[in-house]
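> From first to last, the protein sequence lines stand for chains X and S.
Following my numbering, the numbering of the first sequence begins with 1 at its first residue and continues without gaps.
Following my numbering, the numbering of the second sequence begins with 311 at its first residue and continues without gaps.
Watch out, some of these pointers could steer you wrong.
To be verified - Some, not all, of what chain X presents toward chain S, calculated at C-beta under 10 angstroms:
#, residue
1, Cys177
2, Arg185
3, Asp209
4, Ser217
FYI, nobody ran anything at the bench for these hints, they're computed from the structure.
The beta-carbon is built from N, C-alpha and C at its ideal position, and this holds for glycine as well.
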Amino acid sequence: MTESSSAKTPVADLKALKAGGFIKQRQPDLFTVRVRAPMGALTAQQLKAIAEAAERYGNGRLHLSVRQSPEIIGVAHDRFDELVDHLALAGLSPASCGPRVRAVTGCSGCAVNPLALIDTQALGEAVDRAFFGQTTHGKFKITFSGCPNDCTRAKCADLGFVGMVAPGLDEESCSACGLCALACRNGALSSDANGIPVRDRSSCVGCGDCVRVCPESAMRTAAVGLAVYAGGKHGRVPRIADHVAAMLPSELVDEVVSATLDWYRRNGSRGLRLGHVIEELGVEEYKRAAIPAPFRVPASAQRQTGRIVR
Amino acid sequence: MSETVVHNARLDVTADICPITWVRTKLALETLETGEVLEVLVNEGEPLRNIPGSAKDEGHRVTAVRPGAEGTYILHIRRGGR
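Isolated chain X, as found in the complex (with noise of 0.2 angstroms):
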């Protein structure tokens, strides 16, 4: 404990303290104190930890955030250290607020969830280490979903990615029976004459349905990667995000997050996310700053996110 969790020490600085997850309540002097849970993953421990921590520190109630952080309610400001101390012995510490990045979220993952394709887990605790709390002109957001179901909302997030596959087909033991095309929720599947499955690329997302229900295993993964999605916001004007890469392969992804995180803090200012810097220079200047190349998704193939498309 240090001497600045001295009872006398006055509420100076709400900024800072909410750079450190410490988010104001009604109630004078409490504060609602966010846990940093990346990727929403805590071991039975660590939620033990928290939920002694609420009874202790806090009133006994717990919150959960929209994204996926644990926030203990009603914390005085003169128990903040005590609190940190307590979390820091299981390992745990307080998620960020204010204009930084924002802990990763995302989904189970491959190692669960059969859906899944890509190890959303490693890779957005990966990202996570890099680049928690760095400053930026707003929040940043950045999200990994397992699939194009997309059920964490990256299409939604400052910088979301999202597992995807390129399925290729082994003729040779393709039956021709016609499942996949059947299963394909896209349209993106017909059959030829002979029955073999024929791939339009530019309707098919890479959810990998195809591969899953081939009775021969003759529809395969050729290539795992990620499609991503920049500059998306809720709030009070919502924008789903521009899609703008597909295929990234997984080693390229903080690469993406540093030019992206580089290319923001060049040509915004402060209280602009990145959907809105997006708006004013135009995806195309984004994309040429931040994505590699051959993962670029060209305007013209950018995948429709304003209606429904079945």
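Assemble the complex: chain X is given as a structure, and chain S must be docked to it using the hints.
Leaving out everything else, chain S in the frame of chain X:
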């Protein structure tokens, strides 16, 4: 794939929705011996996408798929080894 296979049991899951479609299919497969065939009547769409994938994951084999009455499909699933 299109060969006509005699089935050993039949199941209609057209009145069910996910996840019951697969649960009932799985339970029906478990009553069969290895190598026996279950005929399942499914709606187009979600069950046609999920049942074959789940069956494959658990070591069974889809041996036939053909259209049934309007909006339905008939799957033949051969029970895999334990």
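> If a hint holds in the structure, say so; if it doesn't, say that too.
To see whether the hints hold, each was checked on the structure:
The criterion of a C-beta within 10 angstroms of any C-beta in chain S is met by Cys177(X), whose closest approach is roughly 4 angstroms, and the hint holds. A least Cβ separation of about 7 angstroms between Arg185(X) and chain S falls short of the 10 angstroms threshold, and the interface hint therefore holds. At its closest, the beta carbon of Asp209(X) sits 5 angstroms from a beta carbon of chain S; the interface hint therefore holds under the 10 angstroms criterion. Because the closest C-beta pair between Ser217(X) and chain S is about 8 angstroms apart, less than 10 angstroms, the hint holds.
Going down the numbered hints, you'll see the structure goes against none, and every one checks out.
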